[in-house]
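2 protein chains.
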Amino acid sequence: MVVLGVDPGSLHTGYGVIRYDGAVFHLLGCGVIRLHRRKSYFERIGEIYRELESVIEGYEPVRLVLETVFLNKNVQSALKLGQVRGAVIALAMNHRLELSEYAPREVKAAVTGRGAASKQQVAFMVTRMLQITGNPATHDVTDALGIALCDLLKTGVGSAAVPQPAFSSGSAGKKNWAQFVQSNPGMVVR
Amino acid sequence: MVVLGVDPGSLHTGYGVIRYDGAVFHLLGCGVIRLHRRKSYFERIGEIYRELESVIEGYEPVRLVLETVFLNKNVQSALKLGQVRGAVIALAMNHRLELSEYAPREVKAAVTGRGAASKQQVAFMVTRMLQITGNPATHDVTDALGIALCDLLKTGVGSAAVPQPAFSSGSAGKKNWAQFVQSNPGMVVR
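Chains as they are written, first to last, in our numbering: chain A, 1 to 190; chain B, 1 to 190.
Since the hints were derived computationally from the structure, they do not count as laboratory data.
Positions of the beta carbon are idealized from the N, C-alpha and C atoms, including for glycine.
Hints may be right or wrong, so weigh each one.
Claimed, not checked - Chain A residues, not near chain B, derived (Cβ > 10 Å throughout):
hint : residue
1    : L11
2    : R38
3    : K73
4    : I89
5    : P104
6    : E106
7    : T127
8    : I132
9    : H139
10   : K154
Claimed, not checked - Chain A regions said to be covered by chain B (calculated; three or more residues, Cβ under 8 Å):
hint : segment
11   : 62-72
12   : 79-87
13   : 92-103
Unchecked claim - If you want a taste of the chain A side facing chain B, the calculated C-beta under 7 Å gives, among others:
hint : residue
14   : M1
15   : F42
16   : I45
17   : G46
18   : F124
Turn these sequences into a full structure, and let the hints guide you.
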């Protein structure tokens, strides 16, 4: 089961491809599509489509996963983000991928056990779950990987790989987060 | 020179294809892609892409033309419209079409001579310029045709076909509009 997580943005679009083999998550590929401000937004949208298309052709995921949009009050940025998302959605449909989306809180809760986790905490857990070593990736990448992992965990495909979080998600703060990670070394898939 | 005008919407997307042969505008094709509310928005976006792709493959336009978005205060509708637009833009880029866009006022001014013209007035002029007979099309279609005509007029390709409007665009009301149409029968391309 190969899943592609995408975190679209009008300037930076993160993506991550994860395979689950029944026991372990494997990072197949990830990256950020960085778009030049000087290019027209037409060109940028075309570039996102093409770059992600080559990712799909390279790794052949069965599903593309997005986060639902957290809408702030800025109408202009909602339009811009919508345009990038529309290109990604059309791409998925053109390649007959299943599409699913999760709220940001769901992604954080699935990956870290806490719906209000920070980007750093998501990055930390993603890095451990995928056994990534070396310099941490940017949050554009770890967010996209978190989205893909969330899908694998939520759909039950990868649920055997990670035990349920050992603490309640409501009141946990940074301290609990640290405690949780220390007391649950077995949570990391090896 | 064949141009495709598109008026995207999350439920109704109008399109119109016009060819200009150096003297006369020819309506090649037009229609509305109507999407069922019951379908997921993923499916709807995929459907708009596919339907417009078959229009492109059928008529081989060199350019796809859009209207710039008039942003109201609704963030949710800006996101939705953005998503449809993003799919249309990606389609144009994938088929290496030139993309251009015009403000709604520009389209109205180019087609009717008046930036504040109503949809009915745009429909009336589009119908005459393209020598369409029979029942008038819906405004989804006439708006899309107006966008395509605007592009042909603005880029100078079709500028010889239509004389300049005979009245100033600022103060003209419905009365002037009617007078203008009556006194300018030669404006219609035959």
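These are the hints, each one checked on the structure:
1. Distance check on L11 (chain A): its Cβ is at least 15 Å (rounded) from any Cβ of chain B, clearing the 10 Å threshold; non-interface status holds.
2. Every C-beta of chain B lies more than 10 Å from that of R38 (chain A), the closest at about 17 Å, which supports listing it as non-interface.
3. Look at K73 (chain A): its CB is around 6 Å from the nearest CB on chain B, not clear of 10 Å, so calling it non-interface is violated.
4. With a least beta-carbon separation of about 5 Å from chain B, I89 (chain A) fails to lie farther than 10 Å from that chain, contradicting its non-interface assignment.
5. Residue-level check passed: P104 (chain A) sits 15 Å from the nearest beta carbon of chain B, beyond 10 Å.
6. No beta-carbon of chain B comes within 10 Å of the beta-carbon of E106 (chain A); the shortest separation is about 18 Å.
7. No Cβ of chain B approaches the Cβ of T127 (chain A) within 10 Å, the least distance being about 30 Å, so the stated non-interface status holds.
8. Taking the minimum C-beta to C-beta distance to chain B, about 30 Å, the non-interface status of I132 (chain A) holds against the 10 Å cut.
9. The claim that H139 (chain A) is not at the interface with chain B holds, since no C-beta of that chain comes within 10 Å of its own (minimum 22 Å).
10. K154 (chain A), annotated as away from the interface, keeps every beta carbon of chain B farther than 10 Å; the closest lies near 17 Å.
11. Closer than 8 Å: that is the beta-carbon criterion, and the segment 62-72 of chain A has 3 residues meeting it against chain B, so the requirement of 3 holds.
12. Counting residues of the segment 79-87 of chain A whose beta-carbon sits less than 8 Å from any beta-carbon of chain B gives 9, enough to reach three: the coverage restraint holds.
13. With 4 residues having a Cβ less than 8 Å from any Cβ of chain B, the segment 92-103 of chain A passes the three-residue criterion, so the hint holds.
14. Interface hint status for M1 (chain A): violated, as the beta-carbon distance to the closest one in chain B is roughly 20 Å, over 7 Å.
15. Hint on F42 (chain A) holds. Least Cβ distance to chain B is approximately 5 Å, under the 7 Å limit.
16. Interface hint status for I45 (chain A): upheld, as the beta-carbon distance to the closest one in chain B is roughly 5 Å, under 7 Å.
17. Contact between G46 (chain A) and chain B, as hinted, is supported at the beta carbon level, the nearest pair being about 3 Å apart and thus within 7 Å.
18. Interface restraint check: F124 (chain A) against chain B, minimum CB-CB distance 31 Å, threshold 7 Å, status violated.
Violated hints, in rising order: 3, 4, 14 and 18; the structure is consistent with all others.
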